[in-house]
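**Q** Spelled out from the first residue to the last, the chains are:
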Amino acid sequence: MARKLIRPLFLFLILMFLYLPILLLAFYSFTSSTHIGAIRGFSMQNYVTLFTTPELTGMIAGTITLALGAALLATLLGTMGAIGAFYSRQRASSFITTLNQVPVINADVVTGFSICILLVVVLHISKDSYIPLVAGHVTLCAPFVFLSVMPRIKQMDSSIYEAALDLGATPFTALMEVVIPQIVPGIISGFALAITLSLDDYFIAMYTKPATFDTISTYVVNATKGAQTTIKTALWALSTVIFLIVVLVVLASNLRAMRLEAADTGRRAAAENR
Amino acid sequence: MAFSRKSLGIPYAVFLVVFVAAPLLFLFYYAFTDGQGQFTMQNLLHFFTDPNTLGTLYYSFSIAIVTTVVCLLLAYPVAYILATSRLRQRSVILMLFVMPMWINFSLRITALKEILNVLEGNLAMYPFLNAVIGMTYDFLPFMILPLYTTISRLDGALREAAMDLGANDVQTFLRVTLPLSVPGIISGVSMVFLPAMTNYVVLDMLYNSTYIMGSLIGSYFAAYNWHGGSMISLILLAMICLFTLLSGSVEEEGSARGALL
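So the protein lines, in turn, are chains D and X. Position 86 (the first sequence) corresponds to 86 in the working numbering; numbering is contiguous. Basically the working numbering = 1-based index in the second sequence + 1000.
With the rest of the complex left out, here is chain D (with noise of 0.2 Å):
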């Protein structure tokens, strides 16, 4: 009996260690206390505060625009990358291959000061161009891009692709039209997991960004260096926000993957009737 307790509890431990914290801030979020513990009544002020002051807005608008932009050349160049480099020979392959690990398995630390060292010390690129921003995190992105991409070509049936030569497509047409729509999937988490990177980032910003421009973690770690009330308690709702939407996206894919799976056993069901 108590074996059987034994494991659900210490789950339960352990998302509570991992869940407390935020679903704590949240809380505290819609009330008009400046720490945990102090309870005050219900106020709405943190989400005015958010979404109404420039500063707040912008530093979330840049972190968005940065993590989309950065997301979009990754997959782009991570998906023809990935493409290239199977159909290429060997040596051009294995270039690739092990170039795209360096990033994976770097600290980002040294990711971030070995950019900064090529493009503002070396070349001189102003950081005010967010050129160098931009090329980080595509660098930081790009790479896991490549790593979702590769296993779907390598399941893909290469014979499809030969048969719409032989049926007269263009290379080019073939490849849009054949080679694409069978590794969507790989591209759609690559882009995914792009995005999250980039949101995730410190380093790499810290070292590459424009001295007036701040994305969430670089603005949330200055900011717990001593801002003032209004600004900790609007972050508290910041993180809220944040964490809904999390939730929402994870439901919304979990949902997805659920119909599929219904639609696909429906499916099996019926093909084995006939």
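Think of the hints as simulated: they come from the structure by calculation, not from any bench. From the three backbone atoms N, C-alpha and C, an ideal C-beta is built for every residue, glycine too. One or more of the hints may lead you astray.
As the list claims (entries may be wrong) - Simulated pairs of lysine to aspartate or glutamate, DMTMM-like, Cα-Cα distance not exceeding 20 Å: (1) D:Lys225 x X:Glu1114; (2) X:Lys1006 x D:Asp200; (3) D:Lys225 x X:Glu1120; (4) X:Lys1006 x D:Glu55; (5) X:Lys1113 x D:Asp200; (6) X:Lys1006 x D:Glu162; (7) D:Lys232 x D:Glu55; (8) D:Lys4 x X:Asp1169; (9) D:Lys154 x D:Glu177; (10) D:Lys232 x X:Asp1204; (11) D:Lys225 x X:Asp1169; (12) X:Lys1113 x X:Asp1204; (13) D:Lys225 x D:Glu55; (14) D:Lys232 x X:Glu1114.
What the hints assert, rightly or not - The calculated label-pair distances, taken between Cβ atoms and stated as ranges, are: (15) D:Pro210 x X:Leu1245: 33 to 39 Å; (16) D:Leu68 x X:Ser1007: 40 to 46 Å; (17) X:Tyr1029 x D:Phe51: 29 to 35 Å; (18) X:Ala1161 x D:Leu15: 30 to 36 Å; (19) X:Pro1179 x D:His124: 50 to 56 Å; (20) X:Ser1219 x D:Pro171: 50 to 56 Å; (21) X:Pro1179 x D:Thr173: 51 to 57 Å; (22) D:Glu162 x X:Asp1034: 56 to 62 Å; (23) X:Leu1245 x D:Arg7: 36 to 42 Å.
As the list claims (entries may be wrong) - Rough simulated footprint, nothing fancy, chain X against chain D, three-plus residues with beta-carbon under 8 Å: (24) 6–12; (25) 17–27; (26) 121–135; (27) 162–176; (28) 229–243.
Put chain X on the given structure of chain D with help from the hints.
**A** What follows is chain X alone, placed relative to chain D:
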């Protein structure tokens, strides 16, 4: 010119050369030169002779080892319980454990900090403890995921066979499950240990002013000392390569980070 699928790889190959290979070459150049561009070993010698930097190395290792062990001790039971349970919704529960990965770390650490503030009163009193708690909080999902993947792939029949042959639960675990889950442990450890040596922003946020290896790069960066910073980057890079060669799990990290997307 005829279109060829191979040529699609060229832009990415060029990109990798410019933004991955070239920065590393310049890291080498700056690490072994001084302000006048003269070759010097001074940066390297300085790291291995200065008591401060050696202390930093020691402190980094201490934090990284303790964090990794704590993560492993917490994550293994979670992964094991989930992977061996017959619950139908176990993938949903697993999702709960990895979801924090997708919430911005700085906001999560802020949340943790507020709680620690209430519990401890003054964060500065327990710098080491807080660093370990903060990093465990940040990295735990990265340890759970590869462990879960490895353990859930184990053939249940092996465990049953051990039991049929007379092994008790503990023996089965120690002699069958644990040895077979070593690949998952290695990949989990590599995803926690290296960030724990370099991710100094977690310490910063929790008012721990002692340096770890990453902080050295941060301080050289702040002082525009590119040569010193490059040497530390290079030393870290060497350690990372060594670690990766030893664990031989290069492919794992990418797949683990992307497994749930």
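**Q** Which numbered hints are broken by the structure, listed smallest first?
**A** Checked against the structure, the hints that fail are numbers 2, 4, 11, 16 and 17, while the rest are satisfied.
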